[in-house]
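Q: Put the complex together from the two separate chains, hints included.
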Amino acid sequence: MADLLVADRLRKEFGGLVAVNDVDFTIPERAIVSLIGPNGAGKTTFFNMLTGVYRATSGQILFRDVDVTGKPPHAITELGIGRTFQNIRLFQHMTALENVLVGMHARLKGGIIRSILGTPGVRREERRAHERARELLRFCGLRGRDGEVSRNLAYGDQRRLEVARALATEPLLLLLDEPTAGMNPQETADFTSFVGRLRDERELTILLIEHDMKVVMGVSDRVTVLDYGEKIAEGTPDEVQRDERVIEAYLGRAATA
Amino acid sequence: MDAARGYWERIPARGWVLASVVAVLAFLYPSYAGSLAGLPAVGVYVPAVDSMVVMIVFTMMAVGLNVVVGYAGLLDLGYVAFYAAGAYTAAWLASQHFEQWTFHLGSAGLSPELPGIHLSLWLVLLVAGLFTAVTGILIGLPTLRLRGDYLAIVTLGFGEIIPQVVRNGDDIRGINFTGGSFGISPIDAPGFGETLSGAGLPVNYAQSFDRARLFYWTAVALLLFTVFCCVRLRDSRLGRAWIAIREDETAAAAMGVPLMRTKTWSYAIGAFFGGIAGAYYASFKSGAFPADFYFNISIFLLCMVILGGMGSVWGVILGGMILGWLNVEGLATIGSEIGLQDVPRYQFGIYGIIIVAMMLFRPTGLIPERRHKREMEEGVADTPLYDVSHGGGGQEGH
Numbered sequence: 001m002a003d004l005l006v007a008d009r010l011r012k013e014f015g016g017l018v019a020v021n022d023v024d025f026t027i028p029e030r031a032i033v034s035l036i037g038p039n040g041a042g043k044t045t046f047f048n049m050l051t052g053v054y055r056a057t058s059g060q061i062l063f064r065d066v067d068v069t070g071k072p073p074h075a076i077t078e079l080g081i082g083r084t085f086q087n088i089r090l091f092q093h094m095t096a097l098e099n100v101l102v103g104m105h106a107r108l109k110g111g112i113i114r115s116i117l118g119t120p121g122v123r124r125e126e127r128r129a130h131e132r133a134r135e136l137l138r139f140c141g142l143r144g145r146d147g148e149v150s151r152n153l154a155y156g157d158q159r160r161l162e163v164a165r166a167l168a169t170e171p172l173l174l175l176l177d178e179p180t181a182g183m184n185p186q187e188t189a190d191f192t193s194f195v196g197r198l199r200d201e202r203e204l205t206i207l208l209i210e211h212d213m214k215v216v217m218g219v220s221d222r223v224t225v226l227d228y229g230e231k232i233a234e235g236t237p238d239e240v241q242r243d244e245r246v247i248e249a250y251l252g253r254a255a256t257a
Numbered sequence: 001m002d003a004a005r006g007y008w009e010r011i012p013a014r015g016w017v018l019a020s021v022v023a024v025l026a027f028l029y030p031s032y033a034g035s036l037a038g039l040p041a042v043g044v045y046v047p048a049v050d051s052m053v054v055m056i057v058f059t060m061m062a063v064g065l066n067v068v069v070g071y072a073g074l075l076d077l078g079y080v081a082f083y084a085a086g087a088y089t090a091a092w093l094a095s096q097h098f099e100q101w102t103f104h105l106g107s108a109g110l111s112p113e114l115p116g117i118h119l120s121l122w123l124v125l126l127v128a129g130l131f132t133a134v135t136g137i138l139i140g141l142p143t144l145r146l147r148g149d150y151l152a153i154v155t156l157g158f159g160e161i162i163p164q165v166v167r168n169g170d171d172i173r174g175i176n177f178t179g180g181s182f183g184i185s186p187i188d189a190p191g192f193g194e195t196l197s198g199a200g201l202p203v204n205y206a207q208s209f210d211r212a213r214l215f216y217w218t219a220v221a222l223l224l225f226t227v228f229c230c231v232r233l234r235d236s237r238l239g240r241a242w243i244a245i246r247e248d249e250t251a252a253a254a255m256g257v258p259l260m261r262t263k264t265w266s267y268a269i270g271a272f273f274g275g276i277a278g279a280y281y282a283s284f285k286s287g288a289f290p291a292d293f294y295f296n297i298s299i300f301l302l303c304m305v306i307l308g309g310m311g312s313v314w315g316v317i318l319g320g321m322i323l324g325w326l327n328v329e330g331l332a333t334i335g336s337e338i339g340l341q342d343v344p345r346y347q348f349g350i351y352g353i354i355i356v357a358m359m360l361f362r363p364t365g366l367i368p369e370r371r372h373k374r375e376m377e378e379g380v381a382d383t384p385l386y387d388v389s390h391g392g393g394g395q396e397g398h
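Just so you know, the protein sequences line up as chains A and B, in that order.
The numbers in my numbering rise by one with no breaks, and the one at position 60 of the first sequence is 60.
The numbers in my numbering rise by one with no breaks, and the one at position 226 of the second sequence is 226.
Incorrect hints may appear among the rest.
To be verified - Here are the in silico distance ranges between beta carbons for each label pair:
| id | chain 1 | residue 1 | chain 2 | residue 2 | range |
| --- | --- | --- | --- | --- | --- |
| 1 | B | Leu138 | A | Gly15 | 32 to 42 Å |
| 2 | A | Arg114 | B | Gly169 | 35 to 45 Å |
| 3 | A | Thr26 | B | Gly157 | 46 to 56 Å |
| 4 | B | Asn176 | A | Ile113 | 28 to 38 Å |
| 5 | A | Gly111 | B | Ala221 | 20 to 30 Å |
Claimed, not checked - Some chain A residues well away from chain B (every beta-carbon gap over 10 Å; in silico):
| id | residue |
| --- | --- |
| 6 | Asp8 |
| 7 | Leu17 |
| 8 | Pro28 |
| 9 | Asn39 |
| 10 | Val68 |
| 11 | Glu78 |
| 12 | Thr95 |
| 13 | Arg107 |
| 14 | Gly121 |
| 15 | Gly156 |
| 16 | Arg165 |
| 17 | Gly182 |
| 18 | Ala189 |
| 19 | Leu198 |
| 20 | Glu244 |
| 21 | Arg245 |
The set of hints was computed from the structure by calculation and includes no laboratory data.
Every value quoted in this text rests on a predicted model; they were computed, and no experiment measured them.
Virtual Cβ for every residue (Gly too), placed ideally from N, Cα, C.
Looking at chain B on its own, in the form it has when it is part of the complex (with noise of 0.2 Å):
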């Protein structure tokens, strides 16, 4: 065992190495999920190709609110504001819903005689990035001038506020906006139009007989791109200045660190990622609905960070698919395995308990950030707060 770790240890690399590899299984993950889900006793546990975009498109969104929670150490309670802004930004642009116009733009498989904006979705994704990473630094500019426990209880209200102004916003000086309760659906699928399909590029996702697995693809190559991203900004001028304000904002100023411009990036790029994953999503629902917005979706990302390590990107994917399985299929699949219909009524009671355990006896996650990490295995002289940490550390055979 040891000697296997040490040969590990000494590839070049090897981070990018074991990232890789777990790319290409998950861009197989079609192709050998039906073998898997035949197996005899754990079959049944194997989420299929569509409740696997759910679960990606979430984690999408935690390892966007990690930047803000896990970097900066900003606690945010309201990440679902980006979601719902993403998610109708969606709505708007490609959809009927404002019907007194008609407009395409490289939308894709449609009428040209469709009622209603029509951007290309790919177009539509980056808009919703934007315009949510706008809506980041607005919100932003307020509130992050509060430290601490204060931010977390304004988040919290903008993450209230957001779904009234959606239930609400169908009747602004007479121009309906939202939907309402209501929302907006039908929304267009992504897709490569007529003049790309002879590249054997589908022309409309939700046209085609491969529905669930081109979303699929597509949202590992935008989970990709999210930690790609992430992984380059932690390293970067912009992360260390992120978890230099995590560790001491004082001397963090003091050594040069502009604490707002630097704060409110985090918030604008947790909100890019947010936002493209809602718009994303809403277009693998083709709707967006303001039930979906709720408060306990942002306790929801933000359990998925701490179970799997604040300021670890690895550590959040892992947690973000452990809990979207649990919500998408897990918990109704062990209900009724073990013949208890009712379990996923319990869900958050479950993720409560989660988030105690994750507590008590490994508060650094499930795959520690790096410089927990190196923390627990050389020990610390003080602060016997920490042994807790060991102890997690050596159950797991570290």
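The following block holds chain A by itself, in its conformation from the complex (with noise of 0.2 Å):
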């Protein structure tokens, strides 16, 4: 299986503090791959350099070979990179559908001229968005929810919203940001299954952050563990519920004597 993505040597310093110290990083393509580790780890702020809210202090990303370092977040989305966020951003005062719409603005073309002559081209084009956007709505499990202000929407829903906000990107790589943060059992169950349909009827590749260790162990197929800034274990779920280097960081150093 080909790497989708390569992150060399990545490192993040925010003044003295080391956020990411050097870690190297890949993501094979379709596979779901999960990075964890305690609060404060670094997990967020490689998220951020991946997507280009963060410029990295030194290092590479490369996303299908192509090197993506320090460039605008809009143009890595643009490449094929989609994300939701940790504490969830929606256009709050927009509807689900124009949430929807809003993420597939790198797709579309409508220009100016052509929006305000309301040409056939630019009609069919917002036709077939829309038409594609309540599809991703329902695809999400959103069903009837199309013209709901989104900050009206359950807490569940609204994290539904957000990734199919970031599939109307049409990324090849999903980024998931804690997305069951905050939901009971039944709706983190139904969410892991979510993303491994994700993968296999989308045919994504699928990076997580996650603290619920049961979406982790239970989903992925790698996982990468970060503690202050550096890898401190890689591997299939098994090996690294089994690394003490991870179960000291989670622990505490008396947990492994």
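A: Next up, the structure:
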């Protein structure tokens, strides 16, 4: 299996603090890879470098053999990396449908003059975009919620809408930042099988940041563990669970003794 | 009442129906303005046709500003710069200012020997729009990297710089560009020239007995054009991107919206309409003077947007017409009716009170943007702040 994304000695410093310390990281095509670690381990910082929100202090990111280090977020999205946010960041006053339509921005062409004139081409494109957006909402379990303002949606539905919006960018690689945070066990179980479906039906590669070990161990092909910005373990869920440094990082030194 | 409302809501495209009715009434205004003015008690408050021209021109600028402030959520306190750019474009391309050259292109009803550059005013409006849009891009490139309050401060700076440049632009390397503090006047009026006058079209507005009406009808047409473009853009891919940026810049970028390009477009389009309005107003007044371009105009336009409802085109039109009327005639009329002649001197105090009252009782404006209205009707689960808007909505009988 070819590697979809390769991060080479990626590093991020905030002032004197090293948030991510020369981490090597690869994501094979059509894999589900999880990134775990205690709070403050640098997971989200790592995510933000991959998506262009932060500029790496040093190191390199290759996506499909293209160097994306230092590219702005919209360019990275256009190349095929979609994401959700840890603390939900929907466009709150827009409807569910409009949120998904914004996700399609880079895939639509409608220019200024043609939009004002309402040319048949633009109308057709808009009609198709609306159809596709409704289809994505259905796929994510939001049937009939199209016209609802996103801030009025239930919490779980907001999480689903974030995924629908990310899917609208037509990603090859989907980055999910703690998608099950705040979900009850039933919702979490549903979401876990949904992530599996994303890979199998949509042929996506998925990178997951997750705290719920049941989700991580159930769905991942590979797990990478960060602690204090360093990669301390990497391997299959079974290997990582038995790794002493991982147990130490989560439970403290006494637990390993 | 409810039955009537239910019936109204079933009409397809009711927004456009209402808009067409308003547009027809607006075009006919000169024919019934006289009878309205004759009404007892309220007649004195009916604006004259040439006051309406000023009100409409300022409303047009407010609709343009709404693209920047309302749609894209960029607080621009220097919109007057675009007004000035448009006005001076008209002054350069349709007056005797550059008397060293004599150049005529489609000028209406003027002697071909008249010195200066005289382009057809229709062409001037287009050039003014484009030139101002370019100005908007040039101002936008360095400033739009800033967010929120910082952007507001820098645009405020540009709004202050422009009148100073205009005031001192009468000797740039020996060339008089702006006429200094005297400004440039007179400026040509629009018209259709001798060739088209056979079709019943006026040769030149300024030479016509119907001057005020002609300027009025053209202003209405320009406003309609502006509104049409802004509504279409709002509902387009670009409009969605603007609103996404207003809602959450980081998320918008992560969804593939290029921030700088999208924001710059909002500036350019807002500036385009500001430029056309500025050029048209300069032609109507037959002059461009630096004293017209002070900071208070930017705030005045912003007040129109806030009063009407940020992001709501129909709201901004209403807000623009109300404040425009108060500014041109209303305050003076009210003052003389209640026997206090110096009411107009307190105009900015009065506008300030209006804005504070709006913020307290109806922060989403007289006609809130669709998405905010929806929120008020459906109610929001959290944020006690919105209790205020619930109260405001209730009193309006919604």
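Q: A separate judgement is required for each hint: does it hold in the structure or not?
A: Quick rundown of the hints versus the structure:
A beta carbon spacing of about 35 Å between Leu138/B and Gly15/A agrees with the range 32 to 42 Å that was offered as a hint. Evaluation of the 35 to 45 Å hint for Arg114/A and Gly169/B yields a pass: the beta carbon distance comes to about 38 Å. The hint said 46 to 56 Å for the Cβ distance between Thr26/A and Gly157/B, and at roughly 49 Å that hint holds. The supplied range of 28 to 38 Å is met by Asn176/B and Ile113/A, whose beta-carbon atoms lie about 37 Å from each other.
A beta carbon spacing of about 25 Å between Gly111/A and Ala221/B agrees with the range 20 to 30 Å that was offered as a hint. With 10 Å as the threshold on Cβ separation, the claim that Asp8/A sits away from chain B holds: the shortest Cβ distance comes to roughly 23 Å. Every CB of chain B lies more than 10 Å from the CB of Leu17/A, the least distance being 21 Å, so the non-interface label holds. The Cβ of Pro28/A sits about 24 Å from the closest Cβ of chain B, beyond the 10 Å cut-off, so the non-interface label holds.
With a least CB separation of 21 Å from chain B, Asn39/A remains clear of the 10 Å interface cut-off, as annotated. Every CB of chain B lies more than 10 Å from the CB of Val68/A, the least distance being 14 Å, so the non-interface label holds. Residue placement check: Glu78/A does not keep its beta carbon more than 10 Å from all beta carbons of chain B (closest about 6 Å). Under the 10 Å C-beta cut-off, the non-interface status given to Thr95/A relative to chain B is violated; the minimum distance is some 8 Å.
For Arg107/A, the non-interface assignment is contradicted: its Cβ lies about 8 Å from the closest Cβ of chain B, within the 10 Å cut-off. For Gly121/A, the shortest C-beta to C-beta distance to chain B comes to about 12 Å, beyond the 10 Å cut-off, and the non-interface label holds. No Cβ of chain B approaches the Cβ of Gly156/A within 10 Å, the least distance being about 14 Å, so the stated non-interface status holds. Consistency note on Arg165/A: stated as away from chain B, yet its beta-carbon is not over 10 Å from all of that chain's, at 6 Å minimum.
No beta-carbon of chain B is positioned within 10 Å of the beta-carbon of Gly182/A; the least distance is around 15 Å. With a closest Cβ-Cβ approach of about 26 Å to chain B, Ala189/A is found to remain outside the 10 Å limit, as its non-interface label requires. Chain B leaves Leu198/A outside its interface by the beta-carbon criterion, the shortest separation being 18 Å against a cut-off of 10 Å. Annotated as non-interface, Glu244/A keeps its C-beta farther than 10 Å from every C-beta of chain B; the closest such distance is 37 Å.
The claim that Arg245/A is not at the interface with chain B holds, since no C-beta of that chain comes within 10 Å of its own (minimum 32 Å).
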